[in-house]
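If you read the protein sequences in the order shown, they are chains A and B. Quick note on numbering: the numbering used here labels position 26 of the first sequence as 26, and the sequence is numbered without any gaps. Quick note on numbering: the numbering used here labels position 360 of the second sequence as 360, and the sequence is numbered without any gaps.
Hints were generated in silico from the structure; no laboratory data involved. Predicted model only: the values in this text are computed from it and were never measured. Be aware that one or more of the hints could be misleading.
[Unchecked claim] Below are the DSSO-like pairs computed for lysine-lysine, each with C-alpha atoms no more than 27 Å apart in a straight line:
1) B:K321 - A:K32
2) B:K348 - B:K321
3) B:K321 - B:K102
4) B:K348 - B:K328
5) A:K32 - B:K102
6) B:K14 - B:K99
7) B:K328 - A:K32
8) A:K32 - B:K201
[Unchecked claim] Computed footprint of chain B on chain A, listed as stretches where at least three residues anywhere in the stretch have a Cβ under 8 Å from a Cβ of chain B:
9) 12-24
10) 33-44
11) 88-95
[Said to hold, decoys possible] Here are some chain B residues the structure puts well away from chain A; computed CB gaps all over 10 Å:
12) R97
13) P98
14) Q253
Ideal Cβ placement from N, Cα and C applies to all residues, glycine included.
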Amino acid sequence: VTTVRFHLAGGDTAEVEVMAGETLMVVGAHYKLGIIGTCGGQAMCATCHVYIRPEFIQLLPQMSDDEDATLDGTAAPRDPARSRLSCQLRAHESLELLEVDVPSRQI
Amino acid sequence: MGAAPAIDWFDIGKMIVDPYPTFERMRREAPVAWVAAMKANVITRYDDVYFVEQKREVFSANVEGNLMPRVMGRATLLNMDGEEHMRERRLLNAPLRPKHLKEHWTETFKRNTSEFLESLAEKGPDQADLNRDFAAPLAAKNLADLLGFRDENANQLASWSADLIAGLGNVRNDPAIWARVEESRESIDEAIDRVVARVTKQPDASVTSGLVSAGMELDAVKSAIKLSLSGGINEPQHAITGIVWALEENPDQLAMVMANPELWQDVLDEYLRWMSPIGFAPRITLSDVELSGTLLPRGSLVANMFGAANRDERRYENAAKFDVRRPKQSHLAFGSGPHVCVGMWTAKLSVAGVAMPMLYERFDGLRRRSDDSSLWNGFFFRGLTSLPVAWDRDRGSRA
Numbered sequence: 001v002t003t004v005r006f007h008l009a010g011g012d013t014a015e016v017e018v019m020a021g022e023t024l025m026v027v028g029a030h031y032k033l034g035i036i037g038t039c040g041g042q043a044m045c046a047t048c049h050v051y052i053r054p055e056f057i058q059l060l061p062q063m064s065d066d067e068d069a070t071l072d073g074t075a076a077p078r079d080p081a082r083s084r085l086s087c088q089l090r091a092h093e094s095l096e097l098l099e100v101d102v103p104s105r106q107i
Numbered sequence: 001m002g003a004a005p006a007i008d009w010f011d012i013g014k015m016i017v018d019p020y021p022t023f024e025r026m027r028r029e030a031p032v033a034w035v036a037a038m039k040a041n042v043i044t045r046y047d048d049v050y051f052v053e054q055k056r057e058v059f060s061a062n063v064e065g066n067l068m069p070r071v072m073g074r075a076t077l078l079n080m081d082g083e084e085h086m087r088e089r090r091l092l093n094a095p096l097r098p099k100h101l102k103e104h105w106t107e108t109f110k111r112n113t114s115e116f117l118e119s120l121a122e123k124g125p126d127q128a129d130l131n132r133d134f135a136a137p138l139a140a141k142n143l144a145d146l147l148g149f150r151d152e153n154a155n156q157l158a159s160w161s162a163d164l165i166a167g168l169g170n171v172r173n174d175p176a177i178w179a180r181v182e183e184s185r186e187s188i189d190e191a192i193d194r195v196v197a198r199v200t201k202q203p204d205a206s207v208t209s210g211l212v213s214a215g216m217e218l219d220a221v222k223s224a225i226k227l228s229l230s231g232g233i234n235e236p237q238h239a240i241t242g243i244v245w246a247l248e249e250n251p252d253q254l255a256m257v258m259a260n261p262e263l264w265q266d267v268l269d270e271y272l273r274w275m276s277p278i279g280f281a282p283r284i285t286l287s288d289v290e291l292s293g294t295l296l297p298r299g300s301l302v303a304n305m306f307g308a309a310n311r312d313e314r315r316y317e318n319a320a321k322f323d324v325r326r327p328k329q330s331h332l333a334f335g336s337g338p339h340v341c342v343g344m345w346t347a348k349l350s351v352a353g354v355a356m357p358m359l360y361e362r363f364d365g366l367r368r369r370s371d372d373s374s375l376w377n378g379f380f381f382r383g384l385t386s387l388p389v390a391w392d393r394d395r396g397s398r399a
């Protein structure tokens, strides 16, 4: 289980326990945390955009070319270091905590 | 929990003229309704349509009796489920992501837009038709270039696309339509063979080249390209003309967009919500399932109505109104889930990023010469069949 803190655009924070193997997108869309996930997790729609808090960036797997190519289409500005698609980020046994900022818009 | 009620007031003739009054009544009275004329249970509320799109283990795209495999010569991505679908879909996604499109296709889309703005200008403000002289040939030429066709002009592509679409709608089994479909399909397959031969030797940024380089089998390439041909021209074409209509109805919104060109993306999204170019997707249930208190038994055919969902008052306030300023919420015009429209970024770039701003930059005082609402047609595919336009001043080509 990974604890994920979603820092929402309005200032609130939502803390969710995510089962290993599950993506942040599925959880963020389910609890309506400013994540849409239109394409269902194929890194195609850019509506599950999150900014990773700097101290967690190194703990995550490298992004694929597909994710990089779709991040060019985010509605909120892309941050060269912090932007990721949450459909490509899975909870993991070795990852205890992850904090992300949710952009003010996904479309 | 009851079975879907059969309704006898779903009149196909009226739907083609204007489906929205019927959609409104269906959402209110019969959100899951059996419609004999569609041979399907028609779903109209946003939450239900979204659920059907997302719940792919229950709602299969592999619908028995669907004409698509016959038209295309093979099952397409829109008839496949699960991993089989994703294997081919992943390959088709790659050349259609925003980074690739912006890097390789922005200039081509601009050049094509300039070319057909010139055609429109040549007709002059007394004769010009925005659909015939601009939107239709531009959508076809953009797609031809994107797919890698070089020997065929926009008319050829538009005619192939029309034949494939006629086949998809040939529920009455008209042999003359099948003959047209088969003839066009043969020509398209031969044209794809030529493109494949070229890009195998000399890879480029086209979709066909991307699929071939990624190792997709030839019959899968042909199926994906034919699917793109059938679904990649009408929609941008209808968006371009429909946006001009909608902005003329709402001059305050037009002024706002002219002052803030970054709003073109919002205009496109609002248009697609308000007048969804693709009406629905067919599905079949793989198990019993409940929707809005109605039981759909395993094996039920479903018509998942994007156009109806996008006007659901439960989700969108004043849903019937075109309003660029409404709070941004996602819509279902591109579908959702694994089958979401693969051309959505192409539409955003070619229509909202290039065609619309260039059209309004060129023609000062662009307006329609007709307010005949019968120009709107269809509910499988909905849009303007023509749009005569005039303008005060042609600012001329700046290319």
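Right, here's what the structure says about each hint:
Simply put, B:K321 and A:K32 have alpha-carbon atoms about 26 Å apart, close enough for the 27 Å limit, and the pair holds. With a C-alpha separation of about 22 Å, the suggested pair B:K348 and B:K321 falls inside the 27 Å cut-off, and the hint holds. Between B:K321 and B:K102, the direct Cα distance comes to roughly 32 Å. Violation of the 27 Å bound is thereby established for this hinted pair. Under the criterion of a C-alpha separation no larger than 27 Å, the hint pairing B:K348 with B:K328 is consistent with the structure, at around 16 Å.
With a CA separation close to 31 Å, the supplied pair A:K32 and B:K102 exceeds the 27 Å bound. Among the hinted pairs, B:K14 with B:K99 is inconsistent with the structure: their alpha-carbon atoms are about 42 Å apart, more than 27 Å. A C-alpha spacing of about 15 Å is found between B:K328 and A:K32, which places the hinted pair at or below 27 Å, so the restraint holds. Of the supplied pair hints, the one linking A:K32 and B:K201 is violated, its CA atoms being roughly 48 Å apart against a limit of 27 Å.
A count of 0 residues in the segment 12-24 of chain A with a Cβ less than 8 Å from any Cβ of chain B is obtained; the coverage claim is therefore unmet, three being the minimum. Proximity of the segment 33-44 of chain A to chain B, defined as three or more residues with a beta carbon under 8 Å from a beta carbon of that chain, is established by the 7 residues found. Coverage of a stretch by a chain is defined here by at least three residues with a beta carbon nearer than 8 Å to that chain's beta carbons; for the segment 88-95 of chain A and chain B the count is 0, and the condition is violated. The non-interface label for B:R97 is inconsistent with chain A: the shortest C-beta to C-beta separation is roughly 4 Å, within 10 Å.
Annotated as non-interface, B:P98 brings its C-beta within 10 Å of a C-beta of chain A; the closest such distance is 3 Å. Non-interface status of B:Q253 relative to chain A is upheld: no Cβ of that chain comes within 10 Å, the nearest being about 18 Å off.
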